[in-house]
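Guided by the hints, dock chain P onto chain G, whose structure is given.
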Amino acid sequence: MTNTLWRPFGGELFEPFGSAGWDWPDNPLAELNRLSTEMDRMFRRFGGGDRSFAPAVAYPALDMWQDANSVYVEAELPGMEVGDLEIYVTGGNQLSIRGERKPPVVEGGTWHRQERGYGQFSRLLNLPCDVKTDGVEAEFKDGVLTITLPKSEAAKPRRLAIKAD
Amino acid sequence: MARELAKKQREGDGAVAERTRNAATYTPRFDIVETEGELLLYGDLPGVSKDNLAIDFENDNLSIEGKVEPRHAGHDFVYGEYGIGAFHRSFTITEAIDAEKISAELRNGVLTLHLPKTEAVKPRKIAVKAGN
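If you read the protein sequences in the order shown, they are chains G and P.
Sequence positions in the first sequence follow the working numbering and run 367 to 531.
Sequence positions in the second sequence follow the working numbering and run -11 to 120.
Just chain G, same shape as in the assembly:
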């Protein structure tokens, strides 16, 4: 069985079932329920529904958050080890994440399902503002990578003083 690799820049979506074809589900209702959950994932993944969502065409999918002092970039990278990840900040406002996810080693056996993908990936992300390259911190916990990027002084919000007449 050949593994289908993610194609980070190819624009093609990851094909989890390979060429194995489609098995008719044992319980179509359950499958439908799963489909609706998947649809939720596609269209209403933030619960509130008021947030715009960009479809992930590259791996890993990224989420970005911020507060007054920092930008937070998060990626779900289950099964990775910290040592398998390379993170760079370049040009003050570009973040690059590279790595490789390796398939599990199983001696023999028959594969019934292969939905998880493996292979090399890399992503380049433009940050909304300049960050202090020296202060960038990355944390990897339970397969979730969180990168904290402190905003440069110039990018921090400033309260304007309003002169009274």
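Source of the hints: derived by calculation from the structure; they are not laboratory data.
Be a bit skeptical, because a hint or two may be false.
[Unchecked claim] Quick list of in silico lysine to aspartate or glutamate cross-link-like pairs, EDC-like style, CA-CA up to 20 Å:
1. Lys110/P to Glu452/G
2. Lys89/P to Asp64/P
3. Lys105/P to Glu69/P
4. Lys38/P to Glu93/P
5. Lys507/G to Asp531/G
6. Lys55/P to Asp44/P
7. Lys38/P to Glu447/G
8. Lys55/P to Glu93/P
9. Lys522/G to Asp64/P
10. Lys507/G to Glu473/G
11. Lys89/P to Asp48/P
12. Lys468/G to Glu447/G
13. Lys468/G to Glu481/G
14. Lys38/P to Glu57/P
15. Lys113/P to Glu22/P
16. Lys498/G to Glu519/G
17. Lys507/G to Asp39/P
18. Lys507/G to Glu93/P
19. Lys110/P to Glu53/P
20. Lys507/G to Glu53/P
21. Lys89/P to Glu107/P
22. Lys110/P to Glu22/P
23. Lys468/G to Glu93/P
24. Lys105/P to Glu473/G
25. Lys498/G to Glu452/G
26. Lys110/P to Asp48/P
27. Lys89/P to Asp44/P
28. Lys507/G to Glu57/P
29. Lys105/P to Glu46/P
30. Lys38/P to Glu505/G
Relative to chain G, chain P alone:
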């Protein structure tokens, strides 16, 4: 009546549970490998810690449920390609499994589940005697 029966046969009578809370729940991706001695499942459950994972095996139904703590309380959302929420998936296991010996590991967001087969269903080599 016959139509009803046919419908039932087609769809099965398994109850499909719906959630009472309208919170986002995602279907985790799984790999399943069957070896001679066991059924091996690998599941991606990023953000799920050991204490927030529940695995149940009952009546051939394997259910995996992982809760995820909110990770960005107090931060403003900027851009997103995925949502954060609980994971749930269940499988109907048709192989005979020794439920007592099921074991699970969770490492870096990947669940590895070992479902050992009962002795009776493990393949046995049958020696063929040469006839005269």
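We went through each hint and held it up to the structure:
Straight-line distance between C-alpha atoms of Lys110/P and Glu452/G comes to about 44 Å, which puts the hinted pair past the 20 Å bound. With a CA separation close to 46 Å, the supplied pair Lys89/P and Asp64/P exceeds the 20 Å bound. Between the alpha carbons of Lys105/P and Glu69/P the distance comes to roughly 40 Å, so the proposed pair goes past 20 Å and is violated. Proposed proximity of Lys38/P and Glu93/P is supported: the alpha carbons are some 9 Å apart, at most 20 Å.
With a C-alpha separation of about 54 Å, the suggested pairing of Lys507/G with Asp531/G is violated against the 20 Å cut-off. Between Lys55/P and Asp44/P the CA atoms are separated by roughly 14 Å; this keeps the pair inside 20 Å, and the hint holds. Restraint check: the Cα-Cα separation between Lys38/P and Glu447/G comes to about 18 Å, which is no more than 20 Å; the hinted pair holds. For the hint pairing Lys55/P with Glu93/P, the CA-to-CA distance comes to about 16 Å; that is within 20 Å, so the pair holds.
The straight-line distance between the Cα atoms of Lys522/G and Asp64/P is roughly 14 Å, inside the 20 Å bound, and the hint therefore holds. With a CA separation close to 29 Å, the supplied pair Lys507/G and Glu473/G exceeds the 20 Å bound. For a cut-off of 20 Å, the pair hint linking Lys89/P to Asp48/P stands: about 15 Å separates their Cα positions. In summary, the hint linking Lys468/G to Glu447/G is supported, as the alpha carbons are separated by about 10 Å, within the 20 Å threshold.
Simply put, Lys468/G and Glu481/G have alpha-carbon atoms about 14 Å apart, close enough for the 20 Å limit, and the pair holds. Of the supplied pair hints, the one linking Lys38/P and Glu57/P holds, its CA atoms being roughly 12 Å apart against a limit of 20 Å. Of the supplied pair hints, the one linking Lys113/P and Glu22/P holds, its CA atoms being roughly 18 Å apart against a limit of 20 Å. A threshold of 20 Å between alpha carbons decides the hint, and for Lys498/G with Glu519/G the separation of about 8 Å falls inside it, so the pair holds.
Proposed proximity of Lys507/G and Asp39/P is supported: the alpha carbons are some 14 Å apart, at most 20 Å. Straight-line distance between C-alpha atoms of Lys507/G and Glu93/P comes to about 15 Å, which keeps the hinted pair within the 20 Å bound. A threshold of 20 Å between alpha carbons decides the hint, and for Lys110/P with Glu53/P the separation of about 29 Å lies outside it, so the pair is violated. This hinted pair checks out: Lys507/G and Glu53/P have alpha carbons roughly 19 Å apart, not beyond 20 Å.
Note on Lys89/P and Glu107/P: the hinted pairing holds, with a Cα-Cα distance of about 12 Å set against a maximum of 20 Å. Restraint check: the Cα-Cα separation between Lys110/P and Glu22/P comes to about 11 Å, which is no more than 20 Å; the hinted pair holds. A threshold of 20 Å between alpha carbons decides the hint, and for Lys468/G with Glu93/P the separation of about 18 Å falls inside it, so the pair holds. Our distance criterion of 20 Å between C-alpha atoms is met by Lys105/P and Glu473/G, whose separation comes to about 17 Å.
At most 20 Å may separate the alpha-carbon atoms for a hinted pair to count; Lys498/G and Glu452/G meet this at roughly 18 Å. Between the alpha carbons of Lys110/P and Asp48/P the distance comes to roughly 17 Å, so the proposed pair stays at or under 20 Å and holds. The straight-line distance between the Cα atoms of Lys89/P and Asp44/P is roughly 13 Å, inside the 20 Å bound, and the hint therefore holds. Between Lys507/G and Glu57/P, the direct Cα distance comes to roughly 12 Å. Compliance with the 20 Å bound is thereby established for this hinted pair.
Taking the CA atoms of Lys105/P and Glu46/P, the gap is about 15 Å. The hint holds against a cut of 20 Å. Only pairs whose Cα atoms come within 20 Å are accepted, and Lys38/P paired with Glu505/G is accepted, the gap being roughly 18 Å.
In the structure shown, a violation is registered for the earlier hints numbered 1, 2, 3, 5, 10, 19, in ascending order.
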